[in-house]
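Read off the chains here:
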Amino acid sequence: MSGALEVPHSRPRIGFWTAVFFVVLAVFLFVTVLRFTRGLGATTNLSDRVPWGLWIGFDILCGVGLASGAFTIMAVVHLFHLRRFEPIVRPAVLTGFLGYLFVVFALLFDLGQPWRIWHALVFWNPHSVMFEVAWCVMLYTMVLTLEFVPLVLERFGFERARRILHGVNTPLVIVGVLLATLHQSSLGSLYLIVPQKLHPLWYSPRLPLLFYVSAIGAGLGMIIVESHLSGRAFGRKLELDLLEPLGRAMVVVLAVFGVLRLQSLARSGALPLALQPTYEGRMFLIEFGLGVVLPIALLAWPRIRNSSTGLVTGAALAVLGFIMHRLDVSVTGLERASGTHYAPTWMEVMVSVGLVASGFAAFALAVRFLPVFPLQGHAPAWPPGAEPPGGKP
Amino acid sequence: MSWGILFDSTRCIGCGACSAACKEQNGLPHRIEKQTTAYTWTVVERRGGANVRRLCMHCLTPTCASVCPVGAMKKTAAGPVVYDSKLCIGCRYCIMACPFEVPKYQWDRPVPVVGKCVMCAPRLAAGQAVACAVVCPTRATVCGERETLVREARERIALAPARYVDHVYGLDEAGGTSVLLLAGVPFAQLGMPGGLPREPLPALTWQVLAQLPDLVTVAAVSLFGVHWITSRRAEVRRSEAPDAPAEPPSGALRDERPGP
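Note that the protein sequences, when read in sequence, are chains X and F. Position one of the first sequence corresponds to residue 1 (the numbering used here), numbered consecutively onward. Position one of the second sequence corresponds to residue 394 (the numbering used here), numbered consecutively onward.
Since the hints were made in silico from the structure, they are not lab data. Note that the coordinates shown come from a computational prediction; the quantities given were computed from them, not determined experimentally. Note that beta-carbon positions come from the ideal geometry of N, C-alpha and C, so glycine has one too. There's no promise every hint is true.
To be verified - So the derived label-pair ranges between C-beta atoms look like this:
no., chain 1, residue 1, chain 2, residue 2, range
1, F, 521, X, 276, 47 to 57 Å
2, F, 608, X, 369, 51 to 61 Å
3, X, 369, F, 592, 53 to 63 Å
The shape of chain X in the complex, shown without the other chains (with noise of 0.2 Å):
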């Protein structure tokens, strides 16, 4: 594959994104010293009331639920065979290794001692969440690092080391499924056990499927948002009939999230507090009504879906609420209790953009040297006749 198939116009903004990246590194650089010499007191405004903060509910929390388009997709295409949905694997694959190197790497940051964090292989306790949570992370990344090395094989043509990774790939991805499923919900069931410290807004028992729900439609979203992204700087993206059913899986999605949503605040007779004009009632009405009622809204219209700006954007809004309701679970929820309000200081909001700006360099180096996206002008990947008949949603 030749490496460059940039549009001519485009040089210029890549320069200079090239360099708004070069200087978020330095200063990104210049923070990691800080936190490693200074500690967290110094460089974070984490305290005894509010332990944790931006890095576990932006790094860690969205970081894994927006990855997990992975997991979706190959079930999709591997488990169900859909395979029609074939050239989505592998942008959501890459997505999903980054993903998790974000989070494993935003972990390294937020631990007091990371150094250490191998004792959560050694040191068991099976009935912490956050020991199933760290193992089903670290073998989730060496599935992803498995279904992701095919590609860098492929390019420098490893060809027998490919094909004995493609004869275990069933199993791995089911593994995979499984693995993610698991750490996906056990994430929402990090807060079960803190009933009287998160807002009845949040707190619910249900928050495992919540999450589980919420981080698919995520997934999803991430793929639409990312595969425009990436069309916009390097010409290089998902043709619009194979993300149109994505949005409409969305609306699916969302809309079972928003039902359970409702539903367990009905339940534990949350559901007034919505409307009350306080900071909670607040944050929850601008999450759910920007986050889920309106991307619904969006996506359920034809027009709006099978029109490049009207899928993204609904995509988009569906991250964006997917982000508001994690933040608001992990720090908005538990402030009332805290007797304080949080805000990151800015060494912490560095750290989550050099990360995030890092992700961001290598998917575009990613795409740049590794066959990940379909050539463009290939519209259909495989000739219709191949595809399953119960295969169009």
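Based on the hints, put chain F in the right spot on chain X.
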């Protein structure tokens, strides 16, 4: 035998000897702090017109021990919830989850650990009472077997019902604690969390975690089954339509595909 501590707010004069003795016993820095921190494991606070001690409640089923991914927090048979700083990775889940806001972190250090009252576990093991109880001039803090302390607390309330709120805090808060409190004003006024469930909080996560092995096995079998059925279908379709182009292998090489 399981030890406990009984603190009687009505007897406390707020001298702070307990806090000083604690620092001495546990080798903590001698700076005086108004609230508990990683360097001050117990303080006396003036709240609602009464004195109240802050210290680890040493839950019978501790939330911190349940959430710790590496098992650095442990409930010992002797009563104390102890902390092994050599295991701790610094995830701070214990700080986040503790219903009594007890574990504190060394935020100012590049290599931080958690600090909290460990009920003088080494002293108890040597047959000595906890340091804070030994130095208390008014016997507001006493150390003994938890069962005995529960009886004693009930007797004190029965003997002077006007002096006490009719409640032994810690009897069944969050499943019960080894530290018990008596007070003359409502415990909410003393800043003690109210509305804690009688069941231990770790039950909330365990009822989910305990189901996972069963769920995983069922899901694994189901996913293999789905794969088996759908791939069989694809096979049948291929053999029925020999003219149709073969389905590409899952790891198909995009660039080797024939162009349109």
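Now the hints, each set against the structure:
Take residue 521 of chain F and residue 276 of chain X: their Cβ atoms lie about 54 Å apart, and the range 47 to 57 Å holds. A C-beta distance of roughly 40 Å is found between residue 608 of chain F and residue 369 of chain X, which places it outside the suggested range of 51 to 61 Å. Our hint of 53 to 63 Å for residue 369 of chain X and residue 592 of chain F holds, since their Cβ atoms are close to 56 Å apart.
In summary, the one numbered hint that this structure violates is 2.
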